[in-house]
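S.K.: These are the residues of each chain, in order.
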Amino acid sequence: QGVTVFAAASLKEPLDQIALTQPDVTVTYAGSGTLARQVMAGAPADLVVLAHPDWMDALEQDDALLPGSRVDLLSNEIVLVAPQETPALDLTPGALTDALGPDGRLAIGLTASVPAGIYGRQALISLDLWDAVSNRLAETDSVRSALALVARGEAPLGLVYATDARVEPTLKVVARFPQGSHAPILYQAAVVRGENEDAAQALLLALQSPQGLTAFVGAGFLPAGQP
Amino acid sequence: MTLGLDPATWGAVLLSLRIAAVATLCSLPLAIAVAWLLARKQFWGRGLLNGLVHLPLVLPPVVTGYLLLILFGTQGPIGGWLRDTLGVTLAFRWTGAALAAAIMAFPLVVRAIRLGFDAVDPGLEDAAATLGASRTRIFATVTLPLIGPAVLAGAVLGFAKALGEFGATITFVAAIPGQTQTIPTAIYGLLQVPGSDGAVAVLVTISIVLALGTLALAEALSRRMQRRIRG
Amino acid sequence: MTLGLDPATWGAVLLSLRIAAVATLCSLPLAIAVAWLLARKQFWGRGLLNGLVHLPLVLPPVVTGYLLLILFGTQGPIGGWLRDTLGVTLAFRWTGAALAAAIMAFPLVVRAIRLGFDAVDPGLEDAAATLGASRTRIFATVTLPLIGPAVLAGAVLGFAKALGEFGATITFVAAIPGQTQTIPTAIYGLLQVPGSDGAVAVLVTISIVLALGTLALAEALSRRMQRRIRG
Amino acid sequence: MIDVAVQKRLGDFTLDAQFAAPGGITAIFGRSGSGKTSLINVVAGLLRPDAGHVRIDGTDLTQVPVRRRRIGYVFQDARLFPHLSVAQNLAYGGTHDRDAVIDMLGLGALLDRRPAKLSGGETSRVALGRALMSNPQLLLMDEPLAALDTPRKAEVMGYLERLRDRSQVPILYVSHDMSEVARLSRTLVIMDAGRVVRAGPVAEVLSDPQAVPIVGVRDAGAVLTGRVQAFDADDDLTQVALSSATLTLPGRLGALGAQVRLRVPAQDVILSTQAPIGISALNVLTCRIATLIEGQGPGVAVSLTCGTDRLLARITRRSARAMGLRVGQEVHAILKATAIAAADVGTGDAP
Amino acid sequence: MIDVAVQKRLGDFTLDAQFAAPGGITAIFGRSGSGKTSLINVVAGLLRPDAGHVRIDGTDLTQVPVRRRRIGYVFQDARLFPHLSVAQNLAYGGTHDRDAVIDMLGLGALLDRRPAKLSGGETSRVALGRALMSNPQLLLMDEPLAALDTPRKAEVMGYLERLRDRSQVPILYVSHDMSEVARLSRTLVIMDAGRVVRAGPVAEVLSDPQAVPIVGVRDAGAVLTGRVQAFDADDDLTQVALSSATLTLPGRLGALGAQVRLRVPAQDVILSTQAPIGISALNVLTCRIATLIEGQGPGVAVSLTCGTDRLLARITRRSARAMGLRVGQEVHAILKATAIAAADVGTGDAP
Ligand SMILES: Nc1ncnc2c1ncn2[C@@H]1O[C@H](COP(=O)(O)OP(=O)(O)OP(=O)(O)O)[C@@H](O)[C@H]1O
Ligand SMILES: Nc1ncnc2c1ncn2[C@@H]1O[C@H](COP(=O)(O)OP(=O)(O)OP(=O)(O)O)[C@@H](O)[C@H]1O
Ligand code: MOO
Ligand SMILES: [Mg+2]
Ligand SMILES: [Mg+2]
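Protein chains in written order, with this note's numbering: chain E, 1 to 227; chain A, 228 to 458; chain C, 459 to 689; chain R, 690 to 1040; chain Y, 1041 to 1391.
The following block holds chain E by itself, in its conformation from the complex:
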């Protein structure tokens, strides 16, 4: 019997690569919240990989996970992106508002619910930038949409993961948020209770193996616990 993985959508590229090297793995992608709710509703997932620990907590409370199988898998960085010609930016209120211009907006995932938005909000607050930009945000349902807004020139700045920033050749990273400015960005994985726990556990080990990590790192992710 094959293994079914429910994984955060942002992992699609490297996970698909790894899946090709494994026997009989099916990966299903969606937003972390959606996946978690589905697992709670009895989805046929054997392994979950989510983009935010909160939903992992919810799964654990629901007793849906194989105890002890939850691991920190990957980490990531949040950065500010802007069109190529934009100079690098200091993370100060003045520099930010200057870069936004009179009516430009900062594209960002929903700050209350999309993981990148949640981390971004924490960072902006801790760096005392929140008051300057909180009413200049354009919140989107996914990091991808935020990226698209900047790529299409609708927004002069976007707050996205470093992994996303790599893929738009027209954009460049103009600032990086220090790791301490927000809770650690953690992609966690766990085995779901069920008949396929062993195979899922094996796959999880494969993801954590050096070959597995190579694929993730190749896509711009950082190994977990490594700032």
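Derived from the structure by calculation, the hints contain no laboratory data.
Any given hint could be a false lead.
[Unchecked claim] Residues from chain A shown here face chain C by an in silico Cβ test under 10 angstroms; the list is partial:
no., residue
1, Thr-412
2, Ile-414
3, Val-431
4, Glu-446
Bear in mind the structure is a predicted one, so any value in this text is a computation, not a measurement.
We put the beta carbon where it would ideally sit given N, CA and C, even for glycine.
Using the hints, position chains A, C, R and Y with the ligands against chain E.
M.R.: Here is chains A, C, R and Y with the ligands on its own, set in the frame of chain E:
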């Protein structure tokens, strides 16, 4: 015969067609019945039924998806009952995708058919009754043929909506490749991958071609029906 | 008068209503025109127009949102033209949300109205012509009143869809409180947060109430129209 | 036996009609808007009466659903099924007497056509055919012949007469045309403003000089019943025996011994105090004046007894004066043979 | 002046009609399905002819769009706007002569009603009123009176006569009813199977014994034109001078000197070789037999010359033989005064 598409994409296309077709055909009889009730009958709860039918239109699709998950999931009251008595599981199966598509399309189909009922001259049904036809026969031989174009219009709308349904589907049955991954959920997945614009374009083109094909077919059918009715 | 809702939610409710109303009302004339073309005219590109109209139904909403971004964004061909000549910006404005809602609702509205055109007896338009009425007058005084119920049905469908639209809207104009954050966006956000089911329930209830109210109003109006026409 | 007594409010209009009729064809006559269609809609069950009953041949139909009433209703507005061919429309309620009906109504060439492509008269013929082929126990006809040309009308009337005589189907027949009414019907029901103002045997109502204002000056007249006595094939003339005389009428009117009904409109009767000679009118009856009623206007209604037959004549007041007509006087009534031609001669069904 | 020559294929049916008419009312007569409605649809511009032209009073309408043709079309199927009240329907094309039209058609009480709540006759009256009130330059009427009762028919015919005389509007009038045709129209166009088989002045066509088979036995007859000479108020009788004699007719038929038209159906004329005496018929004309034509069946069509007037009589062959009728013989034609009553008397518009 995969038209040069990779097997996964091709599978999503076939699955989408199957889901849309099943969703449309299976919901049609119920849609006709509901449209008839709403168009012709006054009863307690009529407004509520009308509201219920339209709900999937007003709610964000994700909410509909969650409601489906709660009701029809294996843990849900209806889902549990279906599993225990009929042995049918919907959640995370293509049948569930069809259910989601059908429910999302339902308001469109019902509305179109209801407009059809409103346009039928009751005098013709009276005439059939004087000729001794039972209610069933009147419905089958007079009303139904006369609302034919409206039913077709509803079916086309429903089919198109079912082909395009995304939010409720991905929430209720996820996007499991080969089992529940449809064209829209495949597009969604691709959108998450850097540099996959080409693949997205291919899938969008397929969607457009499917839509145009369906519409052309429906137009031809509809014209023939109209000609039958108008003479 | 916020019915005990917190101001942000209340703002989203009002905004949703405004966006849905503007989307419906502004797209109605165009929908009538397109429905008329599709129902009455044979021309080159008719099939294409029909396909184009239905596209938002078939494509995942996110794709429609991207396409809107490409076409109507400030850098897009239409968006740029609008900004340069009319001084109209859609990006991040409620007007953009209304555009997205209108486009997503368009196929539903057009279909309903088209069914209305199909049901009009051309003999009545002929009769008006013999009485000296110009084409415009015939349209305004005979055709339009007769398709009234269909237009209303289309408007209701469109309004409901516009109230529920989420995917294309958030992709095109993001969620900006007071400008583009509608009920569905708020619900979507809440759904992504563990343990926010109570807040979701409130918003869903509001949606349902809005839908029921709209439908009840529309039913009453429709019955009056039907009575006018049927006598 | 038809027994109808119904009340129904429709907006400002109130239908409050009752009548009884012995069967055969009952004509419902009345001005536009007098409630004829409403009345037969109640009989059909399409309009639910506020009060009252509808009984046909002893069966109370009031609570019977429409489809079980076994009626054939020829609607004033045809109501053909637009999506069915003529053949399918015809067969919808049954295929009773199919070929004869198709033949009589000249529908043979139209069978594959859809209703939208029919002319006005063709439409009403198909509607008529559809009702007839359903083999009804009660036929309701709302001006079924209004859109037909004269020769077709005559054919259909012949068919209805045969239907009435052969199958005993009671028929309610709405018409504005008194020659149809007089020829076909046994009972005449006259409606006005929702009420029945006169009902009775046709011959009686039409030849009642008192009824002239209700029936209308041009439509009043006697209906005589006679028996075919001889047929002269050379001259194509039929001899019909009345109680007091024998009439010679054009055409073959029926088998020997058959009963025929003749409508003699009051305005077509010429009176003469002397027996006329050298005249082309073949029929002269010797009668006695029963009543003389001066109406408004130039006319005088003269009711005559000729044997046991009753005749009504309408002549000018001036002539009446010049001829010195008075009750009890013997006069000669001149009827022109050709005036009582095919259309006014019906068969059987003595009132 | 109406000049129509059109061809049009409709499925299996081919319309190929041409006729010219001098104006006034042109009646189009023909069996059901003969192409009457199709013909006037072409004239209205609702049916595009495959070839041909339509010219009215010298203007070529063939390429003129429907709404500029200034036609008033009374459709066979009414076509009232269902969403408008009767008043709004009436006013849709204009409010010409509004009060008179509403009054004549008895529409006063219906103005606020919607078409769905009208009876059959009411519907056709509103359709008629709507066309009349649009003040058309050409009136097309497709069996406009078929659903009306006799008194209403007479009123409408009076109105049409006044309209024709006052405003010179040419009228194309489709009808199955020859008494309407004879009374109203100047030209008669007879159609059969899509073609015009006879067209000409009404009096000529109807009194042509050769045309009897086309017109129909019961409908053939003369149309006489006379002038009002005197009115006797006491007896309510009008004297009308013809070329050879003076007729006495019931009712007031017009002002002194006014022209009137009288339809005298062939079957209502009695011939006598001797001058009749003591008879109620007030009108006896002395005529000479012009032709004697034996048709099929029992009848003989006798065409008579009375002064410059022409009369047609239809009598039985047996009578003709008994009376020894032959061409050139002098006979007395007896016309019953009351038979030529209101409905058959028209005014003006000499053919
Ligand atoms: N669209 C059509 N296609 C085919 N045949 C048609 C069409 N329209 C009319 N016809 C046929 O053409 C013939 C003439 O029709 P039309 O309506 O002109 O007759 P009409 O003289 O007005 O008859 P009526 O007195 O019954 O109204 C009919 O036999 C009819 O069936
Ligand atoms: N639903 C209704 N509401 C109000 N008035 C109505 C309704 N239906 C019919 N009437 C009126 O009732 C009267 C009788 O109508 P009905 O159709 O029975 O007349 P009718 O005798 O058949 O006339 P016609 O010879 O013109 O067909 C008419 O004046 C009509 O306007
Ligand atoms: O109702 Mo949607 O926004 O097309 O899935
Ligand atoms: Mg009626
Ligand atoms: Mg016709």
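S.K.: Tell me the hint numbers this structure goes against, listed in increasing order.
M.R.: none
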